[in-house]
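Trainee: Each chain is listed here by its residues.
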Amino acid sequence: MAYREIIMRADNITRSFPLSGGGKIQVLKGISVEIPKKSITLLRGRSGSGKTTLINILSALDYPTEGRVLFKDQDITKMSEASREALRRKEIGIIFQSVSLIPIMTAYENVEFSLRLAGYEGDRKERVEKALRLVGLGSRMHHMPQELSGGEQQRVAIARAVAHRPKLIFADEPTAELDSGTARHVMKIFKDLVEEEDITIVMTTHDISLMDAADRTYVMEDGEVVKNG
Amino acid sequence: MLRFLFQKMLHKKWLVFSLIIGNVLLFSIAASHPMYKEAAVKRMFMDDFTKYVEETNEHPALLSFHFKRLSFLNQPRYEELQERVDGLPDRLGIPYEYNIRFRYQMQQTAVWVKPRSGSPASVTLCLSEMTDFSDHIEIISGRMYEPGLHGREIETVVSESTLIKNDLVVGDTLEFRYLYNREGETLLVKIVGVFRNNKEADSYWVKSPNVMTDNLFISTDAFEDIYSDMNGKAVLHCYWHLMLDTKAITPANRKQLLSETNALIQEFSAEEIEVTKPAYVDLLSNLETKVNKVSVTLLILQVPVLVLLFAFLFMISSQMLSLEQNEISMFKSRGAGGFQIFMLYFLQTLIITVASAIIGIFLGRYMCQVLGSSNAFLEFVSRRSLDVRITSEVLAYVGIAMLISVLMTVLPVISYSHVSIVSLKRNRARVKKSILQRFYLDFAMLAFGLYGWYSFSKQKDDLVLKVMNGDSLDPMLYFSSSIFILGAGLVALRIQPLIVKLLFKIGKKLWSPQTYASLLQIIRTSAKQYFIMCFLILTVALGIFNATVARTVLSNAENNTEYQIGPDVVLKENWKDNHEAIGTIAPESLSYYEPSPARFDSIKGVVARTFVLRERVWVNESNYAEYMGINSKEFGEIVKMKDGLLPTHINNYLNVLAADANAVLVSETYRSVYGYKLGDSITLRAPNNNEYTAVISGFFSYWPTYSATVMEKQGDGSFTEVNQFLIVGNLATAQYSWKVRPYEVWFKMDGSADGVYDFIEENNIDVVKFLDRYEEIRKIRNQTMFQGTNGILTMSFIVILILCGAGFLIYWILSIRSRELLFGVFRAMGMSRGAILHMLVNEQIFSSGLAIGLGALIGWIASRCYVPLIQIAYSSDRQTLPLELITKSSDMVRLFVVIGIVFVVCMAILTRIVLSMKITNALKLGED
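Chains A and B supply the protein sequences, listed in that same order.
Counting along the first sequence from 1, when you hit position 111 you're at 111 in the numbering used here, and nothing is skipped either side.
Just so we're on the same page, the numbering used here is the position in the second sequence counted from 1, plus 1000.
Quick caveat, the hints were computed from the structure, so don't treat them as lab data.
Given the structure is predicted, the values throughout are model-derived calculations rather than measurements.
Treat the hints with care, since some could be wrong.
[Unchecked claim] Derived DSBU-like pairs (lysine-lysine); straight-line CA-CA distance at most 30 Å:
| hint | chain 1 | residue 1 | chain 2 | residue 2 |
| --- | --- | --- | --- | --- |
| 1 | A | K24 | A | K167 |
| 2 | B | K1508 | A | K125 |
| 3 | B | K1501 | A | K90 |
| 4 | B | K1739 | A | K125 |
| 5 | B | K1508 | A | K24 |
| 6 | A | K78 | B | K1508 |
| 7 | B | K1042 | A | K90 |
[Unchecked claim] For the chain B half of the interface with chain A, some residues (derived, Cβ under 10 Å), not all of them:
| hint | residue |
| --- | --- |
| 8 | P1115 |
| 9 | L1395 |
| 10 | A1396 |
| 11 | G1399 |
| 12 | Y1516 |
| 13 | L1520 |
| 14 | R1827 |
| 15 | M1829 |
| 16 | G1830 |
| 17 | K1918 |
| 18 | T1920 |
By construction, the Cβ of each residue, glycine as well, lies at the ideal position given by its N, Cα and C atoms.
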């Protein structure tokens, strides 16, 4: 694999949660990962292996107990809440496992809303339509989320995550609720995005069949990286 | 199942709590209506009874039976009558205070055993006896009689008036020539004492001893000894005076009492027993129309708040069900029948309803006490408490309310219990328009309300006449006002999303993400918010409407009364005249002696006083008018005129009068009826035929005490409007031309008329006319109609505030809770907590805030339209002033402060929820 610039690096991340009965549970036990730019990085593992916790920390939704996360040479765990919010609005896109579209907005409005949040300067209409076409939903963009199938909704979520041209997209089990055909289609979209939009994608999955789509894979087990490559 | 139910209820404790609040309020209002009505009606007739006693000095529940031909030949008949009279309290269902038998023999001639010089040869007197006689007298001279017949001698006591009239003295013995004892000897009656009633006002004395000038009172056994021996030769009169305990007369037994009384009067009359109709028969029958009026008015005033309560229950119940939709669908999918689900909710509702009913009845009792002490809108004073009882009627009302409440809460279940998980998901996608909107029922209601207003406005004069004839105001009027508010509220609900949409469109490009999202939220979920919005609009509109009705009705009545009285206190004394000296009372020859005016200067609490001459004068040899002679300077200091009644300040009128001794101001009716003009000279002739010529220097439509027209009752009972004429002139001129004639003294007091009362009492003033503004106002406020209205409107207002607060809070908290995942998404997309709060504030402003604004507008419009009509029910006969709608800013402040507090509490809770929300947790919620 050719050398690639590292866009995000996590050093020695630990994360523990207090238990209701006292004591705590350690979910991440010193994890270090490197995310190369313009790549698809896969975090694979069984449920409970800590991949969602990790991705929440990487995407500035959650804080590690210890360790640091460098994004463009800045430790995002030390940033103010406002800066982290700005980061999420502008530089990061997030796709959730279950569908997380805003139910009161049409597909088009969902995508446009992320542009509004990011303070997108250009022609919003053009950008939204492009993003939706990219995921193959050009024709159904004025439907409400409830009127779309699960796969379609997930694709809207992808369009929403990429529309404001973030540098990094985090996707937590984006294909978990989709059939294999749709899942492959989503992966194809991801690949195209990396090619066309200069985007880096980090995703979690427990599906081995998706491995060949990835540039780099971290296999996690019980809060530790057991294999990478 | 019960365990499950309790767990479920505990889980939804806030909703359950709201249901209980709603139910408790509902039942307490339902219970308070009959309780208050009964207590108020009772108070009304107790007041009537008291007034009757004050005016006539007679017992209002006195039933007298006069049996004229009692002799010992028909002893059985007497005994039978006695028995029947004794049984009357049972028959009427009212215990008696007194059951007095009074027997006497018509005048018998008697002579003095030892004639005194100058005493007449004989007197005619009646031997009498009365039940419990000795308990009600005191001896003022001599001693009490010894009971019984001693040989041929009996002892007697007499009243002072008997003594004087018949020239008797204590110690005299009279011989009755035609009355004998067993041995055939004539009877000797010895006067041993003089008595009087031992209490000043004692209803025992149907006739005061002072007017019984021929009666010798002897003991009952002496009386019976004498007459049982007379072989039926003597014919006696027997009266039974039965005085019922008026306290035992209740609204519930009053109808039966009336019909029984009428029946027994007929019965006894048919047997030639004279019966006097007790006063309560007329008093209670006259009350009937009054009671109906009060009862209808009070009920109608309560209807809107009852409807709101039902709506509240329906809303909370639906809210609860929609939260439990998942569970219900799950049961369904696992095979639970619709009936089982229905039973679950039915049981839950039953538990809540029964618990609430018990609390509600007692709260209702308390509410009645509060109602009884309401003095004005949102004002309470301590006053004699109402006699509130829990009757079967109360239970019936509560029962009906319970039934409707259960229906309201359980009905939504039926539709939900048919929904399985599959159709549920399908339904969620759809947003339905409300039935009301789909069939344009809102417009229909609005049109109905407006039509009602239009047609009632057109027959306003008829309404006035109807009310003067004692009818209650047409319930349709109140009904149409409620329907108007409802219809307008629903139409406003169509407008509200349009306003938001317009805003959204205008700034679509410019809105910040949070404003954009919040406006979109309102637009896209308007169907879901329909009910709470409707509820908010109605509560605010009704709150304002109620406040305006209460304030206006009372202040209108008070203003009119104040205007008609003039100053704080009016006193006119009876002046001495020279009629005895000249031997005639012809007005033209009478002259009066003016009492010293200086006496008035020492009255405590008087701020100012003036003399006002009021005289009926003969004008221009053609018409009669009321003349008011005033001292313009003093008059101006004492009377107050509301702004707007006269085109300029009343002082300008008074100045015109002061400028010219012969100037007069005359009522506008002179211009319109007789065509008098400014500058016309008119001659004014007083009752003593003295005249003066005055110059018309001004016209007025309003003047203290003056009404341009009055309604006069005609012979056939109908009313016609009659023009009134008033001439205001200078007192000095009138007194100079007509000589000094009795005038009224007008006082301005420093807050109480007590000083004048003391003055009247201490100086033994012979009062011809006395008006006390404070007392009149107090009377108005004490009137059941006003008091009930104020009480009920106040109570409704408070209930509305509670409902408004609870509904608002519950709705928002639930709405936020159900959107936690969405907020997580927003946060994940990089929105700050502040932005989310901002979004919620926006939502509140554009949905609730707008709804409150629209509600206020509707309340205001409804007040403008309907209050002038509704107030007719309260004061039509005294309506002189133009009606002024009173909206007290303090009421509005109260309403909005409560809404503000609820808003702040709501925001505080929301802030807490939003701040404590962990994005990752919120998102995890979505994965379930």
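Trainee: Hints first: check each against the structure and report whether it holds.
Mentor: Comparing the hints with the structure gives:
{"no.": "1", "hint": "K24/A with K167/A", "verdict": "violated, 35 Å"}
{"no.": "2", "hint": "K1508/B with K125/A", "verdict": "holds, 13 Å"}
{"no.": "3", "hint": "K1501/B with K90/A", "verdict": "holds, 29 Å"}
{"no.": "4", "hint": "K1739/B with K125/A", "verdict": "violated, 98 Å"}
{"no.": "5", "hint": "K1508/B with K24/A", "verdict": "violated, 48 Å"}
{"no.": "6", "hint": "K78/A with K1508/B", "verdict": "violated, 36 Å"}
{"no.": "7", "hint": "K1042/B with K90/A", "verdict": "violated, 76 Å"}
{"no.": "8", "hint": "P1115", "verdict": "violated, 117 Å"}
{"no.": "9", "hint": "L1395", "verdict": "violated, 49 Å"}
{"no.": "10", "hint": "A1396", "verdict": "violated, 48 Å"}
{"no.": "11", "hint": "G1399", "verdict": "violated, 44 Å"}
{"no.": "12", "hint": "Y1516", "verdict": "holds, 6 Å"}
{"no.": "13", "hint": "L1520", "verdict": "holds, 6 Å"}
{"no.": "14", "hint": "R1827", "verdict": "holds, 8 Å"}
{"no.": "15", "hint": "M1829", "verdict": "holds, 6 Å"}
{"no.": "16", "hint": "G1830", "verdict": "holds, 3 Å"}
{"no.": "17", "hint": "K1918", "verdict": "holds, 8 Å"}
{"no.": "18", "hint": "T1920", "verdict": "holds, 5 Å"}
Hints 1, 4, 5, 6, 7, 8, 9, 10 and 11 from the earlier list are contradicted by this structure; the remaining hints agree with it.
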